[in-house]
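Asks: Numbering of the sequence shown is given in our numbering, commencing with residue 404 and proceeding in unit increments.
Please note that a few of the clues may not be correct.
Said to hold, decoys possible - Quick list of in silico lysine-lysine cross-link-like pairs, BS3-like style, CA-CA up to 25 Å:
1. K471 - K435
2. K411 - K462
3. K435 - K688
4. K411 - K638
5. K411 - K521
6. K688 - K462
Hints in this document: simulated from the structure, not taken from any laboratory.
None of the values given here were measured: they were computed from a predicted structure.
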Amino acid sequence: MTDTARLKATGIGLSAVLMWATLGLFGAGSGKVPPFLLNALCFGISGSAAFLWLAVTGKLSLLRQPLKIWAFGTIGLFGFHFFYFTAIRNAPPVEANLINYTWPLLIVLFSAFLPDEKLRLHHLIGTVLGLGGAALLISGGEGLQFSGGSMLGYGAAVASSLFWSSYSVLSRRLGAVPTEAVAGFCLLTALLSAVCHLALEETVLPATTLEWGSVLALAAFPVGLAFFTWDIGVKRGEIQVLGAAAYSAPLLSTLLLIAFGFGSLTIFVGLACLAITLGAVIAAKDMIFKRRTREKPAE
């Protein structure tokens, strides 16, 4: 793969991070829909739309994948969401979210085991800076208080982080599997989420046009297209850069919530912004400076 193709794939993968940044805003707009039902609605809509697109374009044959591929993709998407929702229900949300947000760091660490990938010190420095920024952002600078009575929630948060980081890194080993297969993963995730909803939650549907609009926006972008572009990024792009840059998602999400009146700008948000941005630039050092070197005119 050429450097240009790798750079393009990285850019496509980064678009997923931008879309995930809208989760907080659209999630707030979706009203009181319980999480598993919201998951079922969003993945059902996005998966159905992708399935329809494949049918119209004559690409349905791309969904013919071995059972192990279906299991891998569905377990990755559904497993992450199942354990994340379990975590925030059984542990303080601040601590659960922070544990869950170790997944970008784990992506960077696990990438060292991939063929043709080299984990360098600046990748680690950049990612740890991002984690520090996320910790400031999530905790609001008030510190963390891990409770011994919340071990189930903390364990689930660790599992959610491991599920998503493993899914992202192992996707690199499945480069021959077309990104279109993600449509099937979404539909199966919707089905399993619906089962969990029926078993664990009370049904509360969106009640207003705004709430339904938020659900559709979630399905279109952060719980839809983002998983397709992320698949392209982790399979063909700079996976360490994507891991470090993923810490910008909670930051951008916070800034969006502030812009729409759901929060306030504090010094901790500013410090988190600095740490996460600096970390992403450090982690992407090779990609940035290689490109500048190529573009420098010959003397």
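Asks: Are the Cα atoms of K435 and K688 separated by 25 Å or less?
Replies: violated, 43 Å
Asks: Does the structure keep K411 and K638 at a Cα separation of 25 Å or less?
Replies: holds, 12 Å
Asks: Below or equal to 25 Å on CA atoms is what counts here, so check K688 against K462.
Replies: With Cα atoms ~38 Å apart, K688 and K462 exceed 25 Å; violated.
Asks: Is the Cα-Cα distance between K411 and K462 25 Å or less?
Replies: Roughly 23 Å between the alpha carbons, so the hint for K411 and K462 holds.
Asks: Can the restraint linking K471 and K435 be considered satisfied, given a maximum Cα separation of 25 Å?
Replies: violated, 36 Å
Asks: Does K521 sit within 25 Å of K411, going by the straight-line distance between their CA atoms?
Replies: holds, 20 Å
Of the numbered hints given earlier, the model fails hints 1, 3 and 6; all others are met.
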